[in-house]
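Undergrad: Protein chains in written order, with the numbering used here: chain E, 35 to 259; chain S, 35 to 259.
Please keep in mind that the hints were generated in silico from the structure rather than gathered at the bench. Do not rely on the hints blindly, as some may be mistaken.
If chains are identical, the list can't say which one is meant, so a pair holds when it fits in one copy or spans any two.
[Unchecked claim] Think about it this way: if two alpha-carbon atoms lie no more than 25 angstroms apart in a straight line, the pair counts; the simulated PhoX-like pairs of lysine-lysine are: (1) Lys127 <-> Lys176; (2) Lys201 <-> Lys127; (3) Lys186 <-> Lys176; (4) Lys244 <-> Lys127.
These are the residues of each chain, in order.
Number of protein chains: 2
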Amino acid sequence: MDIIDTLLKHPIFRGLALEEANRLILDSRNHKEVFSKDEFVRYRGDECSSLFFVVSGKVRAEMQDPKGIVLLLEIMGFPALLAPNFMFAQNGKFPVNVVAVEDTAVWIMHRDVVVSGFYEYPAFLMNFLRIVGDKTDFLTQKLWISTMNTLKEKVIAYLYNLTEYGKKSAFELPIMREEMANLFGVERPSLSRVVSELNKEGLIEIKGRKARIIDFERIKTLLEM
Amino acid sequence: MDIIDTLLKHPIFRGLALEEANRLILDSRNHKEVFSKDEFVRYRGDECSSLFFVVSGKVRAEMQDPKGIVLLLEIMGFPALLAPNFMFAQNGKFPVNVVAVEDTAVWIMHRDVVVSGFYEYPAFLMNFLRIVGDKTDFLTQKLWISTMNTLKEKVIAYLYNLTEYGKKSAFELPIMREEMANLFGVERPSLSRVVSELNKEGLIEIKGRKARIIDFERIKTLLEM
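One chain only, chain E, in its complex shape (with noise of 0.2 angstroms):
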C-alpha cells in the first residue's frame, strides 16, 4: 500500500520500529478521505479532535475576512499535519478552511490511537511535540512578518533577522522557499521576483540556502522608509 510507505516517513514516527509505526498507523479506527481540486477538506469551526496527515496532493489552509477577503495562510503538501496544534484546544475547532489545491488523500489518525501512542511510544509524543512547538514558531514569525507593509520589506525584515539583527552577515536560510513564500503569505513567483530585486540591488546575495547581506545601512535606510 502506497500510503502507508509514504506515512512511515513521516516525522512523526522518527525513533520508532517500523512494527511500532506500522502498529499506530493501520489501526482500525484510523481512516482515508480523498478530496478533488477545489473540495473543502475542512471548514474553519469543523470539529478538529483527530490528527490529519496530507499524504498526497496539497492542500490551502486560509482564513476569511469579515470582507469576504480571503487570506492565504499556508499551501501544505506531505509531510504536512493539517492544524495539529488544535486537536487538544479548548476549542477543538478548525481554525481555519483547508481546501484541496489538487487532488488530495488525507490519513486521519484517531484522537485515541494519537494519545494511546503517546504513552506507548515516547519518541511519538516528543515528535509531536516538536512539529506543534515549530507551526508555533512559523505563526508567531508570521505575525511579526504582518506588522511590515510591502513584501520587500517583508523579506528585508526577516532576513535582517536571521543575522541577529545584525550581528553575522551570512547565515543559513532555516526553511525552503516554498516555506517562505507562505511565511509571507505570497506565492512562490512573488518572492522569487523579490529576490532577484534584491541580488540585482546588490543588497543581499540569496543563492539556493545560503544567504548574505550585502549592503548593511541601505538596508536598514530601507526598513525605516
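Use these hints to put chain S onto chain E, whose structure you have.
TA: Only chain S this time, still in chain E's reference frame:
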C-alpha cells in the same frame, strides 16, 4: 509557602491529586527567579527548554521590528506560562522579549520534571496540550485581527466572528477583558473606549461577558469601509 499554594491552583495540575502536583512542583531540579519592575525576564533568542510559570506579578511579551518599534503581544500574570509552545520546538528559543511590568516571581520547572510528569500523570499531559493549543488559537486570532486597520474594526471583526458570521446575535465573550486587550495589542482603557463607543452608537451591546449585535447591517457596512 505562598508560592506553592498559588502553583497548586494552576490549571496544568487539574485532575492531579494534591500529592502528585506537589511532587512535580517541589522537585529539586526546579527553581525560582525574581525580577524587579522593567527587568528582562528573558530575551528573545534565550534558551527556552523549561516550563516557566508566572507566579506573582506581571510580565509583558514584546517583539521588536527592525526599526526598533516595540510590538506589545501580551500582558501576563498568573496562571500564564511563558512560551510553553516553544520548549519542545526545534529552535527551542524564546520568540519574544519578556519584561517584568512589576515585581515578578517566576517558577521554572525543569524539562525532565515536565517530561516525566507527562508519563506519570496523563492529566498533566492533557492539560499541557490544551494550554499549548489555546495559545495557538490566540496567535491565530491575533494574526487574523492584524489584517484589520483600526482598533474599532478589529473589535467589530472579532465580535462578528463570534456570531459565527451572522448566525447568532447574542453570545458570550470567551475571554476576559484583559485577554481581549492582549488580543488586540492595546491597553485596557483604549479597548474600553471603543467598547463604550460601540454601545453608544447602538451597534453592539456588551455587559460583562454577555454581548449582543444590535445592528448587523451597519456593522457590515463599517467593515467594508
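Undergrad: Hints first: check each against the structure and report whether it holds.
TA: Verification of the hints:
1. Lys127 <-> Lys176: both (21 angstroms within a copy, 16 angstroms between copies)
2. Lys201 <-> Lys127: So lysine 201 and lysine 127 pass the 25 angstroms test across copies only (17 angstroms; inside, 41 angstroms).
3. Lys186 <-> Lys176: both (15 angstroms within a copy, 23 angstroms between copies)
4. Lys244 <-> Lys127: between (39 angstroms within a copy, 22 angstroms between copies)
When held up to the earlier numbered hints, the structure conflicts with none and fits them all.
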